[in-house]
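Got chain A sorted already, so can you dock chains B, C, D and E onto it with the hints?
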Amino acid sequence: MIKKWIILGILAGMGLIFFDLFSAFRGNETLGKTADYYARHGAEEVGASNIVTAIVVTYRGFDTLGEVTILFLTAAIISFVLKIRQEDILPNRPIRITSELLDSASQVIVPVIFMVGIYIFVNGHLTPGGGFPGGAVIASGVLLMILSNPNFSVSHKVIAWVESISGVGFVLLGVMGILFAGGFLDNRVLGLGDFGKLFSAGIIPFIYSFIGLKVGAELSNILGAISHAQNEKN
Amino acid sequence: MFVVIAIFIGVASLIGGYIAIHHEDLSVAIIASGLVSLFASIIFLLLAAPDVAMTEAAIGSGLTTLIFFYVLNKIRQRND
Amino acid sequence: MVGPIYIIAVALGLAFVMGLFGKSLKNLSEWAMLAGLGFMTFVSGQWLLEFMNNTRAVETIFTAGFKPPYSINLQMGIQEAFFTFIINVVGLLGGIYLFKDLKQTGPNAMMVFLVFVMSLNVVVMTRDMFNLFVFLEVGSIATAGLILLNNNGNALQAGMKYLIATGIISSILLVGIIYAYYFSGSLNIDDILAANLGASKVTVIAVFLIYVSVLLELKPFPANGWGIDVYTAANPGIGALVSAASASASLFVLYKLASLGGAEWLNYIAIIGGITFVGSNLIGTKQESPNRLLGYSSIGQIGLLTMIVGLSNILGEKMIFIASGILISHYAAKAGLFWLSGIINAKDIKGWAALRKSPFLLFLFGTFVFALIGFPPFPSFFGKWELIMTLATGGHWAWMVTILVGSFIEGIYLFRWLGYAIKLDHDELPDFKIEWNKIFPVWIMAIVLYAVGVYVSPLTEGGMFINYLPLMFVLFLFAIDFLPIYIKNTVSIGGIIWYMFHIYPVLENDLLRLIFAGIFLIGGVLTLMAGYNKKGTRKGFYPMAMMMYAGLIGIIESSSMLEFFFSWELMTAGSYFLIIRGKRSLPHGYSYMLFSIGGAYAILFGFGLAFASGFDTSLAALGDINILPTLAYSLLAVGFMTKTASLGLHIWLPGAHGEAESDVSPMVSAILLKAGVFGLMLLFLYMDRASAGANNLWYVLGWVGALTTLVGNMSAAFQEDAKRLLAYSSIAQLGYILFALSIMTHLGWLAGFTYTINHFLFKAILFLVVGGIVVKLGTHNMYEMGGMIKKMPFSFIAVLISIIVIGGIPPLSGFAGKWLFYNAILEKGWYFQGALIFFSGIVAFLYLYKLIHSIFLGQLKDNHRTVKEISAWILVPSYILIIGIMIFSAFPHWILKPIETMIAPYFSSQALMWDGTKALTSYGYWDGTTIMIVVGTAFVLLLTWLIVLSAKAKKIEQFNIVFAAERPFRPETTHVSYNIYAGYKKALGFVVAPGITIFWNVVSTFVLEVANWFRRIYSGNMQNYALHVVLYIVVFYLIALGGF
Amino acid sequence: MEYIAISTGFALMLLGLWGILSQKNLIKIVLGFTIFDTGINIVMVSIGYVKGKAAPILDVINASEAANKIVDPVPQALVLTAIVIGLGVTALMLVYVLKLHREKNSLDINSFKDLKW
Amino acid sequence: MDYSITKFLWTLLGLFIVTNWGMLMSSTMRRINARVSGRIGIPWYQPWIDLVKLYSLRTQLTHGTMFYIGPVFRLMGGVGMFLFIPMVYGNPIWSNYSFSGDLVLILYFQFFGMLGMALGASEGGQPYSAIGISRGLSQFTTIEVPMTLAVISLAIQYQTLSISEIVAAQQGGITTWTMWTNPFATVAAMLSLLGAFGHSPFNLVKAPNEIPIGPPTEYHGTFLGVLRTNGAILHVAEAALFMNLFFGGAGSWFELIIKTFLIYFWSVFVGTVFPRFRIEQSVRWFLKVPTIIGIIAIILFL
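Chains as they are written, first to last, in this note's numbering: chain A, 1 to 234; chain B, 1 to 80; chain C, 1 to 1044; chain D, 1 to 117; chain E, 1 to 302.
So that you can see chain A by itself, here it is in the shape it has in the complex (with noise of 0.2 Å):
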């Protein structure tokens, strides 16, 4: 009981903290230094009509191709801290009955799920969304299908395939921005087009395809390591 007041007490701290960060907060009138500088050039620059889309492939991009690690590490970590390989999956293990209504129901709305992201984060840089979204949504239709379909095995390698394409593609896309425009993942290695076109904005949305690819697949793999974790042999 003490403790928990002690925590309150050092909460309270933080408090007063978060509390001054508080008034230091004051709004905005107008945009900073760098966002004007993104308002004013990035749709010509970049050529993507979504603002934030050109910061997080291009402008930041580099960001970008460190939390498609971090997702790459996690899935990894995963996998092997709960030693998923495929000789621990068993082939025939007993299959856990799936209600009939789920598995027809996933045969016909996974492949409109996968459709779905694909056009996210196909259109990331013309609407809201892009890789991120459009991964998870990828991965929510691998998650169907591992609950309808018990032997997801069979897809395992396809994942690993997209994974592993999809990121060496980013990064090869990267290296052409250096080989072929200004620097490492510059968009500009094929030409900007027209404004608010789907084949646009440089490469923006083959990277944002890569990403979403890789996010879905790596996003696929951590749910999957998880369903699979059962198997490990204590």
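Don't take every hint at face value.
A partial selection of chain C residues facing chain E, derived with a Cβ cut-off under 10 Å [as the list claims (entries may be wrong)]:
1. 786
2. 789
3. 838
4. 923
5. 941
These aren't lab readings, by the way, just hints derived from the structure by calculation.
Positions of the beta carbon are idealized from the N, C-alpha and C atoms, including for glycine.
Coordinates of chains B, C, D and E only, in the frame set by chain A:
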């Protein structure tokens, strides 16, 4: 108008957070935490951040909650 | 040139692609990982070379092709090149080290490993705040994964603690970053630094959040339980990486952001670093688990470096040199130690005694420990030297004290550990096998330490004059260590003799140094000669002995304070290894080392003050100390007195000298102690004789010297152990010397020199002979000896002559010292000290009698009836020394006159006159030659008379005595030796009550108990650790910004 | 508006911290983290909000106009990243929890105190 | 510095006088002692008889080299004392070889004989020798403390360590004697003298009753003769030293005989009055009263 909604959602998310931390039943707590994310994505929308809102909805309230349930499920399986 | 961005591209690309290596290519992945790491090392190394060889502008990498602050930019300058290089090197070596573990865990672990190293590279290079955050996160997630290479419960718990703590810390960093962005409108580090956020009361909060989270990443004491657990539980290979690579990267982040808030914040950083350095090391003193101990040490070292970053304003441009010296030592030594720990795999540091099975591992271990403490020739030595000098220049005493105290505490546990490894008898020694991939990286790190040390030494002021020639000889002896004794002994003696000829022309005109060089080198040859009677290879002895002599001679040769200190430390290290070789020397070697380090730091502090006074690095600077001169002189004196074992600082000596090997004892007693005397002489000559402070110091030292003699002599009288008796005798003799020098007159110094030379001569003889006897008889206890005069007549004569000299009985040279002494005392007017000295001089007879009686006289024991005279290899050097004594006795003016001429310039009046062989002072006179003749003649006449009268004297049997009306049959009952001075002890034993020992015991117990109390905060509960982190933030906030 | 949002964010952060520091159940602690993260995200986005401006999606290239029309896109970009990082950390923590549970068959934080001093 | 034969012969003569006077003095003392306790005592010539007897004994047993040389050391100690003390003031003939060293030499030369004796006796293997020596050394350490203080006090007073110069400074009639000019030093030294002569109450070292055998038994015949000779010389030499330091020295042999007799008598007198001390008692005693007196003697001259 937006301000009222914002206050309402803010309070709701705090209540959700409180439930998430204090509710005995872990399932309820996880769902409450997912709700907090959902409320947060509404706040993002109100703050003119549709990208963030979408991501938060898909990842924060969707996938995270799912992973929680997955793990909880595993733990319960073991406890059985 | 390969662009730095390829480090990232290649590492990530490889990591991503590795997932594709199916079963068929599985074996490829570890080689792919090593290739990737190798490539990264190559790129950063190539940039490092480029920057070192050419002056070129910093290379900036613009990602996305836009200029910062609109896009993320990386930077590759010399510092970045250095840091990425060391990170990649340890990454590569760590990869090699973990080769099998990683292979066992599978390609996923290798990806994580690769990405981990890559992320640290980005952390170093990036110039964008948020990017920094992202890659710090990458690093910490990778760490959390790598911890689980050790698949056990402890690792899991540690990883969870790590995740929780870093989760909170990085969130705070994130808040700080967004506020920094809010206030400055940019995420670029240079922009944020330029925005000067620390200036405004509103914006400073962002500065605070960034600082506190970066500092927390460095695991400041006491909010670091989560970090220590990682070191404890993770695979040592990962511990090495976290300690060497992650910590370096985090430190660089701190350095990058150091100027964020302004000078006041630097102070806070320095304070936090200082607290961490001292606190973490303090807690380490109670630690028994090797990995955890290394964790404490790592955190302590990083604390020191944090402090250096915080002091960057004070240190100015020297900061880089200092920090890199200490960092490199920490980096290489800590990585090496962690790796060693992985090889040995002991749960307890006592288990490291297993290292003895492999001398090479022991060598590596010693290298790392000495590098961490900052011994020469390692880079940390030069770093610490410059650090102290620079701090002294600015007058930052508190910082100097913090650094020295922290380093000392670090020495407490590191040397305990090293001692265990060298000496401890422990039952549960782990079996270990040395795999090539595990030992190879350790070797590399050791080589790095030596190479960098030699490389940086000329960069230190005055460091280019350091003479590495003797050290080369030491290395050579290491190389031939497998050869039998007689070869190595001959080589060593040859080396010393060669060096004598080499050094003579240099010192020809400097008698002071020449005398000490004579003592060190001639003494070296003579004591080494005794080594011929040993058999086998005597592994490790010769390099260490030569290291000690190298240090000794270096002290003589040095003209600058740096050279002096360099040699001083070298000598300490060498002698430590010599002392600890004895059978029961473990605790004594340990206390010797602790006193030595303490003394060395006192000297360092004094040198710092001297340097600060006139920015002069030569030893002459000691003569011109105008900053806190009394303190400086006191510290220097205390430092030297740890070697001369003056009262209060003497408790290490009896054990160290008493338990050392038979030929090591004379080395460390007759020769090594003189280094302290030499230091004191130098110091006294340089001190300002007009100042009250100096005179007060001398007055105090005079009393210390007098009391030392009394306590030393009386303790010796109550000893039952022959070698300890001699050891206490050394303490007393050095007390005389200290007293004589403190008198600071012409006569006093002459007396001091006489004592120095005499002590060298007779103590070498005594320790050689008694050491030989102890070995022969197999016991140290004098009451188990007796009657040896019949078996060892030559030893008896040697000991007899020695004790006549010690007692100061005319006509031998000991009396010269006494006579000079009294004249000096009277001239100076220190009558009571003089009386005390005289009293203790007589007390000396108690132990002298006990020594010679118990060993040589009385009844021969039954089990010694077949004993033979000790080896000629011991007697020959002893008799050479006896010849020295005789010459000095009969012709004292041969030696005293030149000394007198030499010291004359330093003292106002020449108090001693010579009339032929007769010495005159204003008080009395003394004619050594005549006394010798008179006594000799009279003695011969009387002896002749007795012989004439008792020509028919008959020799009788051992037991032919009448004793309480019967004849004894067992020698034990009639050999009175044990506690022979019981009555005396009853009357005056209180003088030698072990007050000093008790005092030091209380001090050490207190330190350990404080450590024990503090470490209770590491309760093991991860929530508490999280609470510590939050509390740390709050307290720091309240102190820094709360208006307190 | 942004003030309400930012105070909600800070309140959620405190709530999350309270959960991390006071709850004994490991899952609850991880839940505390997600709430903490959500709070930070809200704070970050609020900081980039400009009164009455629209989302940073442009219809046409018009530099001068754009600068006056949209809210700050940078914090939003950062939050996108932060959300994903948060997911990674949360997933990793949960896997740790799973493994810890297997180790001791308990979710109580007090059962994991093997390493100390 | 005179190394001539003449000098040598004069010194031998002095030694002869001193030896005989020493023997006479000891027999006289024993007679006085006997009278005090109501006995008649020995005839005055007894020591000579003893000496002749001892030197002519035929049984000569030795335990070894050191045992053999020990008495020589001992005698050398006594003879050396004599050699380095100027006996008669103002006469270079009787100043012996005191030109080669000063008071410090004398103080330290005492040890020469003690050490040799101790070592010689030890080799005999007789346990009581060792016990006696250990006690003697123990007591000696503290006996010397008041003596040293007194000597230092003298050195401060006269600014010299040369015995001749100290005597010279006292040549102004009885009032210029150190005894009057520096009474505390004199008292301290005289108390110390009690211990140095080893009479009761400080004779536990010899312990005439408890340790009746020991060194004197082991040393017999010629050896004991040498020791006796030494005893005679040493007593006179020490008394002469005190005479020189505190009582104005001697202008002639006659004065020397009177003064040394009185100094010697003092120690015997005290011995008949006080009972014997145990070793730790005497050790403590010398560090109390005499030492304090000695310190006062120095303080007065600071």
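Cross-check of the supplied hints:
| no. | hint | verdict |
| --- | --- | --- |
| 1 | 786 | holds, 9 Å |
| 2 | 789 | holds, 6 Å |
| 3 | 838 | holds, 4 Å |
| 4 | 923 | holds, 4 Å |
| 5 | 941 | holds, 9 Å |
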